[in-house]
Amino acid sequence: MAPMALQYGFFYFFAGLAIVCAILMVIGRNVVHSAVFLIGALLATAGIYLQLRAEFLFIVQIILYVGGIMVLFVFVIMLVNLDVAARQRQFSKQLWLALLLTIVLGGQLMFMARRDSPIFNGTVPPAALPPNTGEVATSLFQTYMLPFEIASIMLLVAMVGAVLMAKRRDA
Amino acid sequence: MPYLLPVFYGIVIVMVLPLLAGYIVLLERKVMADMQARLGPMRVGPHGLLQPIADALKLLIKEDIVPAKADKMIFLLAPLVSVTMALLAYAALPFGPVFQIADLDIGLLFILAISSLGVYGIVLGGWASNSHFSLLGAMRSAAQLVSYETAAGLALISALLLGGSLSMKSLVEAQDQAGAWFIFFAPCGFFIYLVASIAETNRAPFDLPEAESELVAGYMTEYSGFRWSLYFLAEYANMIVVAGIATTLFLGGWLRPFASFHGHVMGTPIEILDIFPALLFFAIGGYCFWRAPRQPVQIQKLVMVLVGGLFLVLAAVMFGSLFVPATMPGIHGAFWFLAKVLVYIYAFLWFRFTFPRYRFDQLMKLGWQFLIPLALTNVLGVGIAQILRQQLGWNAFAAFGLTLLGTIGVAAWLISLNDRRDRDRAAAAAAAAAAPAGGD
Numbered sequence: 001m002a003p004m005a006l007q008y009g010f011f012y013f014f015a016g017l018a019i020v021c022a023i024l025m026v027i028g029r030n031v032v033h034s035a036v037f038l039i040g041a042l043l044a045t046a047g048i049y050l051q052l053r054a055e056f057l058f059i060v061q062i063i064l065y066v067g068g069i070m071v072l073f074v075f076v077i078m079l080v081n082l083d084v085a086a087r088q089r090q091f092s093k094q095l096w097l098a099l100l101l102t103i104v105l106g107g108q109l110m111f112m113a114r115r116d117s118p119i120f121n122g123t124v125p126p127a128a129l130p131p132n133t134g135e136v137a138t139s140l141f142q143t144y145m146l147p148f149e150i151a152s153i154m155l156l157v158a159m160v161g162a163v164l165m166a167k168r169r170d171a
Numbered sequence: 001m002p003y004l005l006p007v008f009y010g011i012v013i014v015m016v017l018p019l020l021a022g023y024i025v026l027l028e029r030k031v032m033a034d035m036q037a038r039l040g041p042m043r044v045g046p047h048g049l050l051q052p053i054a055d056a057l058k059l060l061i062k063e064d065i066v067p068a069k070a071d072k073m074i075f076l077l078a079p080l081v082s083v084t085m086a087l088l089a090y091a092a093l094p095f096g097p098v099f100q101i102a103d104l105d106i107g108l109l110f111i112l113a114i115s116s117l118g119v120y121g122i123v124l125g126g127w128a129s130n131s132h133f134s135l136l137g138a139m140r141s142a143a144q145l146v147s148y149e150t151a152a153g154l155a156l157i158s159a160l161l162l163g164g165s166l167s168m169k170s171l172v173e174a175q176d177q178a179g180a181w182f183i184f185f186a187p188c189g190f191f192i193y194l195v196a197s198i199a200e201t202n203r204a205p206f207d208l209p210e211a212e213s214e215l216v217a218g219y220m221t222e223y224s225g226f227r228w229s230l231y232f233l234a235e236y237a238n239m240i241v242v243a244g245i246a247t248t249l250f251l252g253g254w255l256r257p258f259a260s261f262h263g264h265v266m267g268t269p270i271e272i273l274d275i276f277p278a279l280l281f282f283a284i285g286g287y288c289f290w291r292a293p294r295q296p297v298q299i300q301k302l303v304m305v306l307v308g309g310l311f312l313v314l315a316a317v318m319f320g321s322l323f324v325p326a327t328m329p330g331i332h333g334a335f336w337f338l339a340k341v342l343v344y345i346y347a348f349l350w351f352r353f354t355f356p357r358y359r360f361d362q363l364m365k366l367g368w369q370f371l372i373p374l375a376l377t378n379v380l381g382v383g384i385a386q387i388l389r390q391q392l393g394w395n396a397f398a399a400f401g402l403t404l405l406g407t408i409g410v411a412a413w414l415i416s417l418n419d420r421r422d423r424d425r426a427a428a429a430a431a432a433a434a435a436p437a438g439g440d
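Line by line, the protein sequences give chains A and B. First residue of the first sequence? That's 1 in my numbering, and the numbers climb one at a time after it. First residue of the second sequence? That's 1 in my numbering, and the numbers climb one at a time after it.
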């Protein structure tokens, strides 16, 4: 078990990386660079999951978001005409409104996350968690099996619907 | 220090892997030459044995060219991504019961996730080169990897159902307890993974991302020197990774063939089959000594003797470890693991020189219309067989034989369905071509 200082070190490293990557992604003008920074932010978030001993969440974050969804993003970015997209008007005109909203939202988060807030009662310190991949499976396929299957079927319906709509325009 | 040994293993792997990749390239050239009735590299060292080292030196001192209109940051980053992800996957591969950097609880998922990130090296490198050949190669690669990852993952699930764990180490231990490798329980799963892993490593007949007759070299067109060799290293490292996954999940990992046969040598605790590796190395060493005087050049004779000596030392290590029970499982396990990996890679080479390259639509059709449905059927079949065996107490032969027949039946049906669809489409195209064009 890693010492406490190392734990904090990992957390602040990944958290800082995530924030820096997210900012660079938003302010970048090159779409592919933005995609690369988004990948970095997603990987840093996965690192935080790992630091919290949620190894299944960590690996699913990498497989699904970085290995699946972002590959499709990059694929689509390469298909569209980048030069046209770069010349178009950017949506970063409302600086002051955005700043105000950010401050309000940040304040809300700070208020929720203050040290004596009730939402942190009853949480287990991450260092004490056992390997929990099996527990994820138990809760998905035994305890919450019906909601899980309903969600799966809804996703399947959405996918089939999307394929149908794409086909109809084609015909 | 609990971290000392894993760090040492990591350094060993990072140092040995480029050498291993170089010698797999030499093996590839030699096998190709043999299948085409040629000699292959013969000049550098006896029978070209030092050729990989000469090639590596040449690549290292070549000029490193960055195209003027390339996106410099991503152009420099992309090969690093490829090679880092390829090397990172080795952290969870069990080379033996002892020689494993980390036995992760999610070992298999970790390897799959990390190797699925390798596609970014290809895609970003192809985009950053600012060349049409590179971009086309990168797009083909992205589509191919995303398609075949699904089939490969579904094929691996059949082994997971049998082993009941995601940890690479306990998967091998499960095969030890079952008394048979999982390839005998789920041969269809192994077959699907074999095909999908060739596609995932961009090897022929699925090497469309770098098809040299169409795309020069695909995503690698604009790369040269050291960066090009990083891509090359990543490709061969990935081959070893997929071979390692197949070995661990289907071919019994570090287990010896006939692991449940314990014939002892005349009352000693040494098992007869454990002597085989030592005998093999001894025979190779002896052959090297026998060939040494027949080499044409003095220096080649010397190198041949040195190679023979190396194999004799290996034979001595394999034989000596039989008498030291503490080192025996580690050394012999690593031998069997690497031997199986090399057999798997030999199959890759063999396919490369046997099959012509697929067309892109054929590749997609094979992945989506044949391998993925077949993989789903295979998972279903293995699951049913497990239920029949565990809940209803069936004999393993009957349960797995029945579901295997069912899976093969589905495969035959899929093939005939695809054939009929192709015929219909060809007939429709012929009818459209024959009909007079002035319809409107």
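Just so you know, the hints here were simulated from the structure itself, not pulled from any lab data. No residue lacks a Cβ here, since even glycine has one placed at the ideal position from N, Cα and C. Be careful, since some hints might not be right.
[Stated by the list, open to error] Derived Cβ-Cβ restraints for the label pairs, each shown as a range:
1) B:Met-73 <-> A:Leu-97: 27 to 35 Å
2) B:Gly-225 <-> A:Ile-19: 32 to 40 Å
3) A:Gln-142 <-> B:Gly-409: 28 to 36 Å
4) B:Asp-424 <-> A:Ala-98: 55 to 63 Å
5) A:Ile-19 <-> B:Gln-391: 46 to 54 Å
6) B:Met-73 <-> A:Gln-94: 24 to 32 Å
7) A:Ala-5 <-> B:Gly-286: 35 to 43 Å
8) A:Gln-94 <-> B:Asp-424: 50 to 58 Å
9) A:Leu-109 <-> B:Ala-396: 41 to 49 Å
10) A:Ile-69 <-> B:Arg-423: 31 to 39 Å
11) A:Val-76 <-> B:Phe-360: 53 to 61 Å
12) B:Met-32 <-> A:Ala-137: 54 to 62 Å
13) B:Ala-68 <-> A:Pro-147: 52 to 60 Å
[Said to hold, decoys possible] Computed from the model, here is a short list of chain A residues facing chain B with C-beta under 10 Å:
14) Gly-134
15) Thr-138
16) Leu-140
Hints and how they fare:
no. : hint                                : result
1   : B:Met-73 <-> A:Leu-97: 27 to 35 Å   : holds (32 Å)
2   : B:Gly-225 <-> A:Ile-19: 32 to 40 Å  : holds (37 Å)
3   : A:Gln-142 <-> B:Gly-409: 28 to 36 Å : holds (33 Å)
4   : B:Asp-424 <-> A:Ala-98: 55 to 63 Å  : holds (57 Å)
5   : A:Ile-19 <-> B:Gln-391: 46 to 54 Å  : holds (51 Å)
6   : B:Met-73 <-> A:Gln-94: 24 to 32 Å   : holds (30 Å)
7   : A:Ala-5 <-> B:Gly-286: 35 to 43 Å   : violated (57 Å)
8   : A:Gln-94 <-> B:Asp-424: 50 to 58 Å  : holds (56 Å)
9   : A:Leu-109 <-> B:Ala-396: 41 to 49 Å : violated (56 Å)
10  : A:Ile-69 <-> B:Arg-423: 31 to 39 Å  : holds (38 Å)
11  : A:Val-76 <-> B:Phe-360: 53 to 61 Å  : violated (18 Å)
12  : B:Met-32 <-> A:Ala-137: 54 to 62 Å  : violated (46 Å)
13  : B:Ala-68 <-> A:Pro-147: 52 to 60 Å  : holds (56 Å)
14  : Gly-134                             : holds (9 Å)
15  : Thr-138                             : violated (14 Å)
16  : Leu-140                             : violated (15 Å)
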